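In order, the protein sequences belong to chains R and X. Every letter in the first sequence is one number past the one before it in the working numbering, and letter 142, counting from 1, is 142. Quick note: to get the working numbering, add 1000 to the position in the second sequence (first position is 1).
Be careful, since some hints might not be right.
What the hints assert, rightly or not - Covered stretches of chain X (in silico footprint by chain R; criterion: 3 or more residues with CB under 8 Å from a CB of chain R, positions within the stretch not fixed):
no., stretch
1, 1041 to 1047
2, 1055 to 1063
3, 1224 to 1236
These are computed hints drawn from the structure, not numbers from a lab. Predicted model only: the values in this text are computed from it and were never measured. Each residue gets a CB set at the ideal place from its N, CA and C atoms; glycine is no exception.
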Amino acid sequence: MSPPAEDGTVLESVRRGDARALEELYRRHSSRLYALLLRMLRETADAEEILQETFIDAWRRVTEYAASRGSVEAWLITIARSRAIDRIRNRGARLRLVKQSEQLAPAEAPQPEPPDVHAQTRLRRALGTLPPEQRRALELAYWDGLSQSEISRETGDPLGTVKTRVRLGLQRLAELLAG
Amino acid sequence: MTHQEFLDQVDAYALGALETPEARALEQHLAAEGPHPLCEAALARARETVATLAADLKPVSPSPSVWEGIARGIAQGQEPAPRTPASREPGTPPRERERVRAVRRVPAWTYGIAAAAVLTLVVSGLQVREARRAAALASSSASECARELADLRIDALRKEDALKLLVEAGTQLVSLKATPDAQGPLAQSSGVVIFNPRGRALFLGKSFPGQPTRDYELWLIRGGKPVAAGLLPTGPDGRVFADVRPELLTGGRPAAFAVSIEKKGGTDSPTQVILTGAVSAP
Chain R
1 MSPPAEDGTV LESVRRGDAR ALEELYRRHS SRLYALLLRM LRETADAEEI LQETFIDAWR
61 RVTEYAASRG SVEAWLITIA RSRAIDRIRN RGARLRLVKQ SEQLAPAEAP QPEPPDVHAQ
121 TRLRRALGTL PPEQRRALEL AYWDGLSQSE ISRETGDPLG TVKTRVRLGL QRLAELLAG
Chain X
1001 MTHQEFLDQV DAYALGALET PEARALEQHL AAEGPHPLCE AALARARETV ATLAADLKPV
1061 SPSPSVWEGI ARGIAQGQEP APRTPASREP GTPPRERERV RAVRRVPAWT YGIAAAAVLT
1121 LVVSGLQVRE ARRAAALASS SASECARELA DLRIDALRKE DALKLLVEAG TQLVSLKATP
1181 DAQGPLAQSS GVVIFNPRGR ALFLGKSFPG QPTRDYELWL IRGGKPVAAG LLPTGPDGRV
1241 FADVRPELLT GGRPAAFAVS IEKKGGTDSP TQVILTGAVS AP
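Input sequences plus hints: build the corresponding full structure.
Given below as structure tokens:
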């Protein structure tokens, strides 16, 4: 049995119009994307809708993918988060979500799959080493879809400070995860 | 934008935490200022880190209906679209303008099914989300319009009015796209006209930035000349709903609709057109 093709190879088939290749990408990445969308949007119907839109968008814009700008998975996550942020902003309820995020446990997982424990451990360890304010800025941007200006308003910190926290936080995280 | 400025902001960009003008500036830097491997490598690293942030989540299997919807969607869309020089990165807010759709004609029956589904659910008091989903099953184009309707925070009577127009024979959707004059936040604006040549047209808009000293004005273009069709009242959330005066539609089929931004009170001739959309031939 031959090993499964790399995502990049599968994406090449998508680029040629092979719908089965898109289905393969969906099989590989949908459960992680869906978990991400559930966490961001906190509603099953919205998460499903955005997941659909993500893969339809990937199909339509596959020629825009550039490997030099990240992996296929990162590209799909970028599309999914981008659309989720749009949805959050359209709801006009960002602040409500921020408050909810402080109170609620992560969204229920209807059919959990085995997590990548190693990746989880590394991420938790890395996040744990960040200064709390950097971590908070990243979380507000990542999970709640807030822009830096909105984080500044939400936390009361100067915009420049927020920008620095986001930049340093993500860079530090990258170093920790790479090492 | 310099390479250093790009590098300073690329993390926030990958997180989706930049405001629209900032994000656009980064995209323009990547697209127009020649090869820059350092910038691309920084973007790749930031994206990978952002992607890793989701590693802490337990994967969750979506329902089988999600893939079924995707399969339907790509079947309708045919082949992947060719790359265009102006294509945008998928990582920046607001992505809504990518959803601005070209003028299209949709068979009336699809409006009927979609709108009936929406109308039934709205009237029966179910969630708008359910209405969207029902509409999506009927027709993508008509349901997109229905979704825009559902998104608008307008009162139920107006919504019902729009849905009724949607199902009338001959009704056409005219999507209005941003023009090059729509700079900054204006570029996010979009609109659709639900137009029936028998004398009814409704304008629905969203993402219209508040203009304390100016007004948005709707135009219809007929015989190469703009005809003022009224000022557009903007809600606090940037949404617009306007009913075009029927008498303006009796002088023949307009060739296009447009929205401009003008001094307070409007003008006789548009000066800064921000949205346009052509009416297709009968």
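Verification of the hints:
Against chain R, the stretch 1041 to 1047 of chain X contributes 6 residues with a C-beta closer than 8 Å to a partner C-beta. That satisfies the three-residue criterion, and the hint holds. Counting residues of the stretch 1055 to 1063 of chain X whose beta carbon lies closer than 8 Å to any beta carbon of chain R gives 9, which reaches the threshold of three, so the coverage claim holds. Requiring three or more residues with a Cβ within less than 8 Å of a Cβ of chain R, the coverage given for the stretch 1224 to 1236 of chain X is violated, as only 0 such residues are present.
In summary, the one numbered hint that this structure violates is 3.
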